[in-house]
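Respectively, the protein sequence lines represent chains A and B.
Every letter in the first sequence is one number past the one before it in my numbering, and letter 29, counting from 1, is 29.
Basically my numbering = 1-based index in the second sequence + 1000.
By construction, these hints were calculated from the structure, which means they are not laboratory data.
Derived CB-CB ranges, DEER-like:
(1) B:H1061 with A:V15: 52 to 58 Å
(2) A:W46 with B:L1328: 52 to 58 Å
(3) B:P1076 with A:M217: 43 to 49 Å
(4) B:L1026 with A:F189: 41 to 47 Å
(5) A:V16 with B:V1152: 26 to 32 Å
(6) A:A90 with B:T1084: 54 to 60 Å
(7) A:I167 with B:H1061: 21 to 27 Å
(8) B:E1048 with A:A90: 44 to 50 Å
Using 20 Å as the maximum straight-line C-alpha spacing, the simulated DMTMM-like pairs for lysine to aspartate or glutamate come out as follows:
(9) A:K185 with A:E200
(10) B:K1069 with B:E1058
(11) B:K1246 with B:D1232
(12) A:K23 with B:D1146
(13) B:K1069 with B:D1106
(14) B:K1283 with A:D257
Using N, Cα and C, we set each Cβ at its ideal position, and we do this for glycine too.
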Amino acid sequence: MIEAVPVRRLLERHVVRQFMRHKGALLGFAFLVFILAFVLLGPLIWTIDPQFIDIRARNSGMSLAHPLGADQLGRDMLARLMAGGRASVAVGAAAMLLSLLIGGLVGLLAGFVRWLDGPLMRLTDLFLALPLLPLLLVVILLFRESLRAAFGPEAGIFILMVAVMGITGWMQTARVVRGEVLTVKELEFVAAARSVGAPEHRIAGRHVLPNVLSPIMVSATLGMANAIITESALSFLGLGFPSDFATWGRLLFDATDYLQQYPGRVLWPGLAISLTVLSVNYIGDGLRDSLDPRSRSMHSGSL
Amino acid sequence: MPVYTVRRVLVAVPTLLLISLILFLLLDLAPGDPTAQLPLTIPPEVKENIRRSLGLGEPIHVRYLLWLKQFFVNEPLHLMSQLTGLDLGGDRHRVISWQTRSPVVDLVVERLPQTLWVVGLSYVAGIAIGLPVGIVSARHQYGWFDQVGTFVSMIGFSVPTFFSGVLLIVVFSVELGWFPSIYDTTHRVTGWDSLLFQLRQMAMPVAVLALYNAAQISRFMRASALDNLTLDYVRTARAKGLSERKVIFVHVLRNAVGPVVTVVALGVPGIFGGAIITEQIFKVNGLGQLLITSIQASDLPTVQTLTFVFAVLIVACNLLADLLLGILDPRIRYD
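Based on the sequences and whatever the hints tell you, model everything.
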């Protein structure tokens, strides 16, 4: 037990070093930090209200007053891009957390409780075969009105989207976690914990869960990318947030109507979505490489 | 193989039944009353009769079974009688679209080919690009081809279809004018010129999905080939004096493609989702476009049928992938 602490630290430092060596992951991480600063801190510097209509500036190109131009109603594109980014990232993060929670729980239960393994994995397979996008559209169509009435137009859609995306996005996490739990629970230290009389729930929570965190982190990054794309897709199909509420997908959708006249306006929200997803994917790649024990032994013989 | 096929088909049936149950419950438990939109001048007794005629008074399991009978007996019979010209359907009930007042299945039959063409061709193109790229990347790991290939496939992975589609329109229709941005749904192929036009108008919708498919396939192919390249049988094949081309494209390819099939099958729902968006962007009159227009019109029977049709298509694709896997890897058949 005295040895365990420094070894663990050493491992953490090693993981960080491996991650830093992965150029794509590092760049992706830097860009994600930049995007988060842009959408969270940007509105403090660029204080124009994204809803403010400056009708004389409508359809204007880049200028000092509107660095990215203004849309067909004269709303500032830069401010709308920031506001839209906040909504998209918030939906993505919340949906990712929810799906992680469900997926982690299902995976842990399936890996740990033998009689639950079969049914839970069949359920996972079933969910994997569902036509997700049509189903999402149907659910939003059916429940939109009642949630809007209960929580207000924006909060209602937010809850609906996060819930639906969480419920339909947990399967990959569950599969990965189950697989990992099945291998980890056969290791010696679990047997050791059991032999000193640790109850099952403590073995699951204190000994197995920390050791399956790395695949959970990888699927968290991928889940986040997925959630941002799904939210944008729904907004793009006109079934997301109300039309005056900016999200990246909504901005893209609004801009496609003016594609022939102002093709540049599609570019910014599209680039924002694509680059955010790209950077998140690269982070996931780097995490997988640096957390994978196989690649660890391949790149350096020290551990 | 026949035993394996039958077993796979039998596994697919409960999956479909469960999906249909989920769909049915979703629509049934959703808030809102189908008779809520009727004018207030209709007296309550008449409204009650309307509800009963819609079958809303029955207990839930009876309604589910009736719904199943509708989808698995009535509609297929009507479809058969249309195809054969025989009167098999009789005067059985049909699911009617609230929007067009025509049977939903007729609409589906009209729209299905376009969707299948777009999705199918995008898979063909994706495989044709993705497999060689993945194999060459694995053979020369960390070489320049691998670096470029990884970067491009990462982009293909990350750029959502609704952005890449719009970008293609901006570049190839607005700026260059090579391809039409709107799919001409009335176009009929009669000769070489019209065939060329058909290919041109399909190029962009297919390219959007093919890019995504190729990116996915090449990544998985690379990973799977890398796993195989270090195995003993590859060394044996090389030691026998086989040419590198033969080692890679005969021995490694066959062994490496199995896991790829599995992972690609898992991505099928995503591709159909992408097809919905692509059809919306290029205005292809496929199933996805029908789904979106019926959702905007709250046309519930059409929406319900279409979602189920998508489920059937996905399950069918998964079944196909399973059978393909059985052919590629005979060990699986004896599980």
